[in-house]
Amino acid sequence: DGGITQSPKYLFRKEGQNVTLSCEQNLNHDAMYWYRQDPGQGLRLIYYSQIVNDFQKGDIAEGYSVSREKKESFPLTVTSAQKNPTAFYLCASSIGAGVGYTFGSGTRLTVV
Amino acid sequence: DQQVKQNSPSLSVQEGRISILNCDYTNSMFDYFLWYKKYPAEGPTFLISISSIKDKNEDGRFTVFLNKSAKHLSLHIVPSQPGDSAVYFCAASWKTSYDKVIFGPGTSLSVIP
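Chains A and B, in that order, are what the protein sequence lines are. Going by the numbering used here, the first sequence opens with residue 2, and the numbers climb by one from there. Going by the numbering used here, the second sequence opens with residue 24, and the numbers climb by one from there.
Everything labelled a hint here was simulated from the structure, so no lab data went into it. There could be a bad hint or two in this list.
Claimed, not checked - Some residues of chain B that are not near chain A, with every Cβ distance over 12 Å (derived): (1) Gln25; (2) Leu34; (3) Glu65; (4) Leu70; (5) Ser72; (6) Lys79; (7) Asn90; (8) Lys91; (9) Ser92; (10) Val101.
Said to hold, decoys possible - Computed beta-carbon distance windows for the label pairs: (11) A:Gln18 <-> B:Ile135: 26 to 32 Å; (12) A:Pro76 <-> B:Leu34: 47 to 53 Å; (13) A:Ile96 <-> B:Ile135: 23 to 29 Å; (14) B:Lys28 <-> A:Thr21: 19 to 25 Å; (15) A:Ser74 <-> B:Lys91: 36 to 42 Å; (16) B:Ser51 <-> A:Glu16: 41 to 47 Å; (17) B:Ser35 <-> A:Asn29: 37 to 43 Å.
Each residue gets a CB set at the ideal place from its N, CA and C atoms; glycine is no exception.
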């Protein structure tokens, strides 16, 4: 069954620590994305990658980093430089231009 | 500066009636529009889309209307069912940047049995 897997579903982090969110897809999609959802603000693009070993900053990339070493995987690291990291993070993929995304089920990150 | 706006944060509709969710956009470069549905603690799922060369697209109970001159689109759900209760996101993209989709803030729909 093809899809996108995000893990973990819930994540707690202490202030000042980096944390990595996992995103794996077996849809053979070239493009992958990370979005952040905050109440009343919809989904905001953090980073996206159109091909392996290439990625671009989205609208709110500060305090985040990504890698795309494999087509299937697009992990997101939330660094200690991110001022307000508590949010719901969504990973998505698409086969290309003009086609709807497939989303994962999300990771809720809470900084304690 | 939101390029995609959904001015109604919430909407309540009786089961069996029509639900109309509205979306406005500011960027005239947008040429592809999508609607996503999201249940709590889950990722959004793609619902329906429309290209700017059309003014209407239907898929079962869901119809999207596009008024380019007004930079407005709407999603109609007829008849509404309790399982339609979810947050609906309007989204848009454009030719030179299809890989960057801009999402609106969402409208929470409650369908009352």
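Hint check results:
1. A beta-carbon of chain A comes within 12 Å of the beta-carbon of glutamine 25 of chain B; the shortest separation is about 8 Å.
2. The Cβ of leucine 34 of chain B sits about 15 Å from the closest Cβ of chain A, beyond the 12 Å cut-off, so the non-interface label holds.
3. Not every CB of chain A is more than 12 Å from the CB of glutamate 65 of chain B (nearest about 5 Å), against its label as outside the interface.
4. Consistency note on leucine 70 of chain B: stated as away from chain A, yet its beta-carbon is not over 12 Å from all of that chain's, at 8 Å minimum.
5. Once the 12 Å rule is applied to beta carbons, serine 72 of chain B is inconsistent with being away from chain A; the minimum gap is 6 Å.
6. The beta carbon of lysine 79 of chain B sits about 18 Å from the closest Cβ of chain A, which is more than 12 Å, so the claim that it is off the interface holds.
7. Listed as outside the interface, asparagine 90 of chain B is consistent with that label: its C-beta sits roughly 20 Å from the nearest C-beta of chain A, beyond the 12 Å cut-off.
8. Listed as outside the interface, lysine 91 of chain B is consistent with that label: its C-beta sits roughly 17 Å from the nearest C-beta of chain A, beyond the 12 Å cut-off.
9. No beta-carbon of chain A comes within 12 Å of the beta-carbon of serine 92 of chain B; the shortest separation is about 22 Å.
10. Against the 12 Å criterion, valine 101 of chain B stays outside the reach of chain A, whose nearest CB is about 22 Å from its own CB.
11. Range check, glutamine 18 of chain A to isoleucine 135 of chain B: Cβ separation about 44 Å, and the 26 to 32 Å hint is violated.
12. Our hint of 47 to 53 Å for proline 76 of chain A and leucine 34 of chain B is violated, since their Cβ atoms are close to 37 Å apart.
13. About 38 Å separates the C-beta atoms of isoleucine 96 of chain A and isoleucine 135 of chain B, a value inconsistent with the hinted range of 23 to 29 Å.
14. Between lysine 28 of chain B and threonine 21 of chain A, the C-beta spacing of about 34 Å breaks the proposed range 19 to 25 Å.
15. A hinted range of 36 to 42 Å for the beta carbons of serine 74 of chain A and lysine 91 of chain B is consistent with their spacing of about 39 Å.
16. Range check, serine 51 of chain B to glutamate 16 of chain A: about 43 Å between beta-carbon atoms, so the 41 to 47 Å window is met.
17. Between serine 35 of chain B and asparagine 29 of chain A the Cβ separation comes to about 41 Å, which falls inside the hinted range of 37 to 43 Å.
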